[in-house]
Every structure is written in structure tokens, then in C-alpha cells.
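Order-wise, the sequence lines are chains A and B.
Residue 254 in full-length UniProt numbering sits at position 254 of the first sequence, and the numbers go up by one each step.
Residue 468 in full-length UniProt numbering sits at position 468 of the second sequence, and the numbers go up by one each step.
I should point out that these hints are in silico values taken from the structure, not numbers from a laboratory.
Honestly, I wouldn't trust all of these hints.
The list makes no distinction among identical chains, and a pair is therefore deemed to hold if it is satisfied within one copy or across any two copies.
[Stated by the list, open to error] SDA-like, lysine to any residue: derived pairs with alpha carbons at most 20 Å apart:
#, residue 1, residue 2
1, Lys374, Asn55
2, Lys461, Gly399
3, Lys157, Tyr381
4, Lys374, Gly24
There are 2 protein chains.
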Amino acid sequence: MDVDLANSITIYDTTLRDGAQREGLSLSLEDKIRIARALDQLGVPFIEGGWPGANPKDVQFFWQLQENPLNHAEVVAFCSTRRPHSTAAEDSMLQAILAAGTRWVTLFGKSWDLHVTEGLKTSLEENLAMIQDTIEFLRASGRRVIYDAEHWFDGYKQNPEYALQTLLAACRAGAEWLVFCDTNGGTLPHEIAQIVREAIAAIHPIEPQAQFGIHTHNDSDTAVANALAAVQAGVTMVQGTINGYGERCGNANLCSLIPNLQLKLGYPCISDEQILHLSQTSRFVSEVVNLAPDEHAPFVGRSAFAHKGGIHVSAVERNPLTYEHIQPEQVGNRRRIVISDQAGLSNVLAKARTFGIDLDRQDPVCREILQRLKELESQGYQFEAAEASFDLLMRSALGQRQTLFEIRGFQVHCNMIPNPDNPYARPDSLATVKITVNGQEILEAAEGNGPVAALDAALRKALMNFYPAIADFYLTDYKVRILDGTAGTSAKTRVLVESSNGLQRWTTVGVSPNILDASYQAVVEALEYGLLISNQLPLVART
Amino acid sequence: MDVDLANSITIYDTTLRDGAQREGLSLSLEDKIRIARALDQLGVPFIEGGWPGANPKDVQFFWQLQENPLNHAEVVAFCSTRRPHSTAAEDSMLQAILAAGTRWVTLFGKSWDLHVTEGLKTSLEENLAMIQDTIEFLRASGRRVIYDAEHWFDGYKQNPEYALQTLLAACRAGAEWLVFCDTNGGTLPHEIAQIVREAIAAIHPIEPQAQFGIHTHNDSDTAVANALAAVQAGVTMVQGTINGYGERCGNANLCSLIPNLQLKLGYPCISDEQILHLSQTSRFVSEVVNLAPDEHAPFVGRSAFAHKGGIHVSAVERNPLTYEHIQPEQVGNRRRIVISDQAGLSNVLAKARTFGIDLDRQDPVCREILQRLKELESQGYQFEAAEASFDLLMRSALGQRQTLFEIRGFQVHCNMIPNPDNPYARPDSLATVKITVNGQEILEAAEGNGPVAALDAALRKALMNFYPAIADFYLTDYKVRILDGTAGTSAKTRVLVESSNGLQRWTTVGVSPNILDASYQAVVEALEYGLLISNQLPLVART
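Required output: the full structure, derived from the provided sequences and hints.
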């Protein structure tokens, strides 16, 4: 396992515990299991699963993993030191920890004298006893222990002697890892480096077997740099979360730390095959927690290797390494040529190539596409994320866009009479569409809970007989954005619709001040594009 | 001006140029002017306005600022060195720069030998001549010059001697600032510190008057730490953007850099009064560029000082500085007690206090509010951002919610016949509402371009005679979020409506699988809350 390699860094993930503290993020039991398995696959050696006993969900999580264990990763239970003036043995909280049945337990304790006297309202001596007693109890129960020194850096600045005593107490009691936590996230890299160096220098002569870790938060926008500084100062464990999820401004982002450590600084963390899954893991986790992925995230974001501007693009294609700090493929990401109103001709050509079309720079169709593109983008369309609509645009320009069906018109009707017993009763919506396929006219109607759902249902109903493939299509995402905030409810609306046929995914776009119209445009293009790729109609360049 | 203070750092903003490179961000001329004035107010001494000549928008931008100049800031024109094997005097691009009429010009040139030979396809000597000749021309035309050394760090690693020669050429020609640019964003803090120290040590003995700057990108997730490392290594200018906007993963975020430098490291950047506007400026810019603000952004994000969980909250209120790395008010932000399904009673009490209500912990109404809150949030409502709806919720629980009007029902009808001449013709929408006010029943109808606009118009029309104050209300923002991505067009929709009466702003929320219903809920509560605060009905606690 990587952790055995000399000079390697042990990755410790706390997405399921600290990450879940992020405002607006909530995890079901099933979510937690799915994420744990994804982290196991990624090759993360330690996965902090939660605080069993603190809530029933976490108890069940550990039970389920006892029945179906992970392949490689150690799943870790998290808890605090025992209560003041009691014994660990009689602390019910710790009984729940043992019941979780993990080999490893992460225990957090107070390093900052002020938190002991003001927060715990107990004596500094009792806090040391709580750390030592709790760890000895866990060791006697056969657990291996990681000790998280909460508020370490703030505590050390106020009272270094006491802060060091807490670590020595943890070590004497049998903790194998001592983790420096910047709980408030206020410490800057140079302070981290200095304090970690001092602490290791003070502890190592006394406890030569001690291993050290770092846990940082992003309140100063330096969480990743702080963790790197600690590694360069001698720690060998790094704690963080996928996508940097966490309370307030988040935790150190493992999706940035792993490539920085492994690809740039040469510290092995996971295998070279495993790191290829990094971008995929980042997106999977954001899907499971149902948060839009940060497209501008370093290394793993959709835009992390996106290039705009004509000259630049040709240069990148000639010699990528002079314009990209790493090869996108190393972390499972890819270079993207951005189609935008800044697009030059070479962008269009490069983009066309990604659709397998080889356009001739001299061909007037190129200018035509570019022209149409700028026209639509000035109206608010945006093809950066709607590549299926861009493909259809090119087909039109190339005279290769078949008419599979024509919409003659649609009507949508919503009716609501509030129900006093249920103030949130939903209005049903009814949609009627008139379309023609091969000259034949079809009128169909369908209901849905919402006008867009009704419209979508009516269209499918009308087309199903002609194009049975539509039965396999489903919408995987539906995004609405208001383009002009100041115009309120009559602002322009951009709708992005992501569809799937079970094998491929494609995204289409619609824009209108009328959200129904914008949705209608995107849904219609989604159906058209789905039919095109399902029938594998090849897109051939004009010659 | 701050730049004159000893030990101060000169802030250089490039939101309008480098920031505009962000994928999905586009700025109108009016947007650029509004942002420039906001930066001027914030006290940023240098504002890079764009590349006049590269596009007509930037030309007009500089003209407009010549007519109505900023109060304090220097607006800077940005451009590249002249073409190879020509003279600066005959370079039309540079004529456009002079026409911009700025006192300062930022010129970027190549530092990396490979970019000279492969990119520019010219000799290393000619590149030096291009730098020197262009700067001398600008100086002779009365301009002061900042020199951006593009790809500095990559260039220095490959060929330090040549990289240093480019800086010396710029300096000899009269550039006052030499800016180290990490154009690809791949450099880590320890490398930045070492290379900046070496470069300054090499140049200073020869050109003692030279001043140095840093320009970083976030591709390694260390842009802010990189800039801090450069400052600690001797640079006195920091370049960055508001909210870290920029190509790929963005530029160094000034909203993090300014407080880190000024509040933590003691380098004056802007005045203590000006820094109070930092959060406001961050939100203003995100509104103008129409990107959702990053709620988890360090220092300025809505969640940057958000606290969850009952015990924690009481501890924070007792002694904030042991749980917050700075005082939120120092950057114009505020502590937030998060009202969420994790909310404890103390959160509700603290939240109520922010509305001026002093609830008694023993009062059963507290539990009632908490109960209703968790119920609604489990349905997808979210009051973190919709405080007006939360206020109405509390009024109901306190039995203080007056019935100003009742909705008996509404109907919305959309009809579209595509127009072959204009494929993007918009369907008109017609809405009818039936309401009762003081027992009197009103039926009204209105049209709008879109169902929500029509519904909103019909409601106002119906209420106007009874509540003339409504004439002053307008919607300032309308946000739609799909709560369950996988359910496609029938997913649950959350609508946030922000309204204003010209003096105050308030936000309301609605949730439904039907986007019309969700919008209807939010619009109705917006009208109700607006009437309440316009009539200054005080909210008194029960005693």
C-alpha cells in the first residue's frame, strides 16, 4: 500500500464528517456508503465515516460497512475525549465508538487552554487526563488511535507549553498519529511551517515513534498551501475533503492536494492508475451530494484546462506543456477549446475536430458558423456547456441537419384553486402540441406536475410512434439561469437540459424571456440530437 | 494615498481584463464602468481597464473615463510589446494605447525563451529589443509603465539568465514596476518565494530604483498563498481580481488578499474605512457580472462566518474570537446563525433577535417555529437566504400575521405558433387571478412575456387600488434552482425572489415541482412582506 512507500504521504479523507458540515449539504445513509466506496476505489487509505452515537445515521453507516467492508481503506470512527471528571470506561459515548467496530478511532481533544477553561469549564490538568485516559481506554479495547489536536495553532500561539503537553499526553497514552488542526482556518502558511517545525522538534526527541498530520480549513484562502507547508515541515498525513467541502469556507481540497503532492512534489499518495480517477471522483461526489460542480476547480474542474482566444489555442495545440501546468489526462481531466463570443476561427476549427469534422479554414461555412455563433451568444445563448446544440448548429450550416419533425405550435395551461387544507397544493399543468412528421400531422396532449413536464410529456407522446428510441431518453438535469437579474420576472431565461439514452449524455440550450419557451427550445433540440446519435447518423464534412 | 505609506502594498486590480477571461463571464461597456467606479470607491489604486484596440468596447471604456474620470484610481491600459522586426512608432496597436489617454500603461512581454522562439517565432535578441523599444516609445509619449513578465516562473526555471535579461531590458527602458507573472498558475509557494528572492537579489544591485509586483493564477489552488509568499520575498505590488475571477481556475482573489495582507500581516493596502466595503464590493461585482456569489468564499462569503449547531452557537456568542479568525465586521461581513434542519433552539432565538424579537426560551412558540421550520426545510424550503419568508413564518407562529389579501385562484395560459420568419418568436402569456381584499372579490387579468411575469402583473393590478405602495415595489432578482437533478423537468423547483421598494430589499422563497407555483408563492410573500415593512407595522414580541 502506498502508505508503506518511503517518503509517501498518508491521505485521510473527512468528506463524510467534516465535509458534511458545509451549509446546504446533507447526506443520506446511502449517499455516505456510495461516497465511501468511491474513496476506497480512489485509493484513499483512511476514510473518516462520522461520529457513531452522535446520530443514528452514522451508527447504521458503520454497521453496514461491518457487513460489507471496503476493499482497502480503513474506515475511521470520530469522537471527542471523555467528559470531565468521569472515566472513559463509563462514558456511553465511547461505548458507541467501540460498537462501530473499526480498527482505527480518531479522537479530538483541546489544545487551547482558553477552550479548556471557558469551553469545557474544567482545569488544564483534567483536560490532559481526559486525553490520556480516553486513548488508553481505546488502546486497551484494541483500537489504534489518531489524535486530532483541535485549535492547535491558536492554542500554540497563546500557550505553547500547554499545547505541547496535550500532544505528549496523547502520545504517551498510545496515539500513533498526532494531527495539527487549524480549526478556525485563520493561520497563514509561514506560521504553519514555523509552528509545525517547532512542535515536531520538541516532541520527536521524547517520542521518536510519533507520526504527525495536518488538518486545515480555508478561511484564509490558503488551506491547500497550509497543508503543503506542513508536509514540507515534516508531517506525513494530510487530512482534507473531496472538492474542499466543509463548514464555512471549507476544508483543504484533496482534489488539489493529491496532484500537488504526487505530481509536483513527488510524494506518493495513491497509485498512478488511481489518480486517473480523480476528476471522475470529484464529479461523482458533487452529484451524490447534489451540488453543482465547481467548473473552475483546480485540476478537476471543467474549465481547469479550457482555452479561449484564437492565437492562444493554436499555440496550445502545438506545445501544450508551455500553456498547461500539468497534462489534464494525468488527473482524468481533458483540455477544452471554449466556444464563446471571443472565439476566433481556429477555435471553431478545433471545436469542430472534437466532433470529428475536419473543416477547411477557407470554407465560407466556417465564417458562417462563427457569425451565427456570435449572433446567438449576444442573445444570451451559451454553447460552452451545450455541445449538442452546437453540433446541431454546425449541421445546419453544413446543410446536413435533417428535419425529423416540425413543431406547429404548443399551448400550456395551468389552473390553481388554493386548497385551504393544503396551502401548498400543486396546480396541474396541461400541454397540447401540434407537430408534423413526414407530412403527417399529430395533435397530442399530456398532463404533468408543472408546465415544462407537461410540454415534455406531450412531445414524447407525439413522437413515440415514429421514433421508438425516444422511449429510452430521459432528462438527467434541468438548469435554469436568469440572465438579467435586474429585469425580475421578465428577465431573459437560459435553460440547459442534459439528457441521456443510458449510454451517452448530451446538453442542449434554450433562451427566451419566457421560461416555457426557453425550456421548449432545449427539450426539442434534446430530442432531435438524441435521435441523431441513436441512429448514428455520421456527420461528414463537406468536400 | 496608501501607496505612499511605508511598508504598504500597492493593489492592482485586473478584474476588467484578466477577470473577464473567465469562461461564462461577459461584460458590457456599462458593466465595466460600474465595476471601475466600485473599485475606485474601494480604494484600489490601479485598475486595469482592458486592451484598447483589441476590441471596440475597451476603446469606448477609456473614452468614457476620459470624460468622467475616476476619483482616485489610475485606470491602466494593457497591451503587448510591438511586433517583431518593426518599430514601436509605426505599430498601430500602440497608437490605440496612446489614444486611450491613460497616465499608466501595463505592457506584457515574453520571459520564456521557448515562447519567443516557438510562439513569436523570432530571436531572443529581437524579443529584448521589442521590450526595450516599446517601453522607450511609451515613456517618450509621456506614459508611465508597468511591465508584466509573462510566464516568468516557467521561463526562469528553464533559462534564468535570459529571463533576468528581459527584466533588465524593461527596467533600462524606463518601466517603474516589474511584475512576476505565473501565467500558467503551476508554481507552488516555496518556488515563488525562492525565485522572487533570487530575481530581486540579481536585479536590485543593478537597478536600485526598480519596484516589483506579483501576478498569480489559481491552477494549483495556491494563488493567494503564492502572492503572499512573493510579498514576504520583497514585492510591493499585488495583482488580482475581485472574487478571483479569471481564465481557467481564476486569478488571485483580492477579496482574500487584501484582508490577509492588511488585517493579518500588517501591510497597509486600503484604508480601514474602505476595507469595510469589501464584502459589499464582492457581492456588487458578482451581481454586475451576473454570477451567483460564492457563499463559501473566505472573508466575504455569506457562509464565511456562519455557525451551525446549538452548543457551538452559544459558545461563539460568548467569545467570538476563539471561533472566528477575524471579526466579520472588519470586512463588512457579518456572523450568521444558520437556520437549518440542524438548528437548535438557541439558533432560533439568536435568529429572532436579528429581527428585533426577544423570544422567551420557555415560550412554546419557539418549539412551534422550530418544528414548522424543520418541516418546511425537509420539503426543500430554505430560509438561510429568504429572511422575509422566515419573518412571515414567525409572525404566523406569534399570531401577528395579518391577512392583507387572499388568493382564490389563478390561471396561466401560454400559446405559441412558431413563426418561420422568426424561429425564436416568443409566446405571450396570459394570467388571471381572483383575490379577495376586505371581503371584496377582484378578478384581474394581465399579459406578460412569460407566465411568471404575467402572474406578477395580474396580482399587482388586482392589489394596486387597495395598496398603492405596491407601485413602488419591483423585483430585483429572480433565482430558480432545481432541487433534484435526477428528476429532470418534474424535479422540485425552489424560487428565490428578491424585491425592493427603493429603500429596502427583501427575499422570499417558494418551493414546488411546478415552477409557476413556486414562483407564485414567492411573489405573493414578497408583496405581503413589502406591504408590512412599507406600513412599518412593528413586530412586537408576545409578553
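What hint numbers does the structure not satisfy?
Of the numbered hints given earlier, those the structure breaks are 2, 3, listed in rising order.
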